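Chemist: Protein chains in written order, with our numbering: chain D, 1 to 124; chain H, 1001 to 1498.
If you are wondering where the hints come from, they were derived from the structure by calculation, not from laboratory data.
Just so you know, these numbers come straight off a predicted model, no measurement behind them.
Cβ atoms here follow ideal geometry from the backbone N, Cα and C, with glycine treated the same way.
No false leads were slipped in.
Below, computed lysine to aspartate or glutamate pairings styled on EDC-like, alpha-carbon distance capped at 20 Å:
(1) H/Lys1295 x H/Glu1358
(2) D/Lys36 x D/Glu115
(3) D/Lys120 x H/Glu1294
(4) H/Lys1434 x H/Glu1353
(5) D/Lys120 x H/Glu1353
(6) H/Lys1487 x H/Asp1194
Coverage of chain D stretches by chain H, computed from C-beta distances (three or more under 8 Å per stretch; other residues unrestricted):
(7) 20-29
(8) 34-41
(9) 45-53
(10) 86-97
(11) 102-114
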Amino acid sequence: MENQMFEILRYGIYGGSISLILIGLYAALTKRSLIKIVIGLSIVDGGIHLLLIAIGYVKNGTAPIFSPGFENAVDRMVDPVPQALVLTAIVIGFAVTAVALSLVIRLYRHHHTLEIDEIKNLKW
Amino acid sequence: MVGSPVLLIAIPLLAAFMIPLLGMIWKELVRIIPGLVLAFMMISSASMLMYVTNNGTIIQTLAGWEAPWGINLVFSPLTAFLATLMTFMGFIVWLYSYRFKRNVDFEPAKKYFIFLMMLVAGAVGIVITGDIFNQFVFIEITGISAYALTAFYTGRNSAEASFKYLLMGALSSSALLIAIAIIYSQLGTLNMADIASKIHLMPAGYKVTALIFFMMGIGIEAEIFPLNGWAPDAYTEAPGPIGAAFAGIVVKAGVYAMVRMVFTLFDVSGAMDILLTIGLITLIVAETAAIRQEKLKRMLAYSSIGQMGLVFVAFGIGTLEGVYAALFLMLNHAIIKPLLFLSGSQLVFNSKEKLIKEVNGLGKYMPFTAVLFALGSFAIVGLPPFAGFWSKLSVLTAAANEGMLLIIALILIVSVIEIVYYFRVVNRIYFFDKAEDLIPQKPRVNAVIAMSVLGAIILIIGFNPDVVSTVLHNASADLMDTPQYIKNVLSAGQSLTN
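Construct all of the structure, not just a fragment, from the sequences and the given hints.
Modeler: In structure tokens form, the structure reads like this:
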């Protein structure tokens, strides 16, 4: 019973992260405001981070460190690799968002608008 | 052997972040240090290429964690060849852009050279790493510096081109991360050799999904068909030497990541046909688009995409000969296309719109640049005494040996299109009259040296293609031999640890 609950929860998290990815994609691809596009990209990133973390989680998980009281907890230790990946991916996502926002500022100064339809010097 | 693989990544990154500090001491260091760093990388990489050719693959384990657990760098004949090519092109781009414009002074030059070094470091990292997540990180380093370099000139529409590039780049890197998540959830490893040895354990559905996400993630740097919308704008709006860096460095890294994945990581049976089909579509779409362009750099960008399509066709043939032809094409493209970008951006230097018709009659006023542009044009369409001929010939031979006659026909038809649009430009340069108000640009000494080195290499390979054949043969054999790659990486614990 408890295991079933855990499995349901796990698939719930998978479903949630996939819907976050889809929401972000929708925002990035259909919204016409530059800021909303950047927000959409960040939501996609968030969804993927959640997905990665969910992959590494185990039931009643503890930190993967041999500390007093946890000498025999090898089975319950969560996989540290996805967490390391997510930390790295968060930093990268931050950098990409920063570059994107600085480009948005540049575009705004040049065109005095954030609407992508009005910025059409190049073909989209 | 000078240096070690990890220095090829560590030194440029360190130097890139030291530049602002060094600039405070003496402003000229901002321009000199990148040259020294790139020269060191080129020499070190070339010497390791020689070592690898004689003694076999160098595997370097980082931080003492051995192969399946830690990150390792693989310096095999293939990766050594590509790393040498990229660092050489990085040096040429530096040489060309050392004081590339009078009005570019200290502050922009600082940013320019920081990002140039990060671009080269990231691209070399993509090629020599043996870990897919590490590769993702390097793809992002390359990507972010490429976005920043695209937006370098504030006057043009560069921010728009850069934002477009960033939008596609960010979405495709998400796809790459999803692919990594799928692989890790199924196999529990991130090491390429370990994945390659365990990939048969993965259910076919997951495998195909992961492969598709991977292709979406890497295809953007490799300029394959549906993902190359950024390329024409980025090449047009970025500074000329950066167009050369994209064609010579970034795209090559993307192609490497793509073929390493298809040849080594995944054993999906139809993957070669996917490469072949994607390559053909890219080739035809890009070349037919190139002929309609009115801006010179945009035409060169479409031609660059088309050449990458041809590279994928050659890889997709799937035989050793096909891989040899593809690597030969990559080498030639990495040398010829930057020459075209560098000399082309000199030709349209003083024109407002950078249109093809603005190069009219410049042959008399800029003789040296015009000759080099013509040389590049003849080489890239594959006229006999130049480098491009031998690579195109080897693609056709490889296809003929497999009986792919339709592909040969298509390549030849596309070559005719290529000849039409390149010769149109050369014709304008030499046989039209110059517009009254256009001032010819006199190239600087460093630009002349950079371009003539590339021109000389085109002639050397053209008259004596055997100079590169050993390296290319080793590299193509290395790419085809997956079991040897796995063995090299997973049993390397003892060899070169630090």
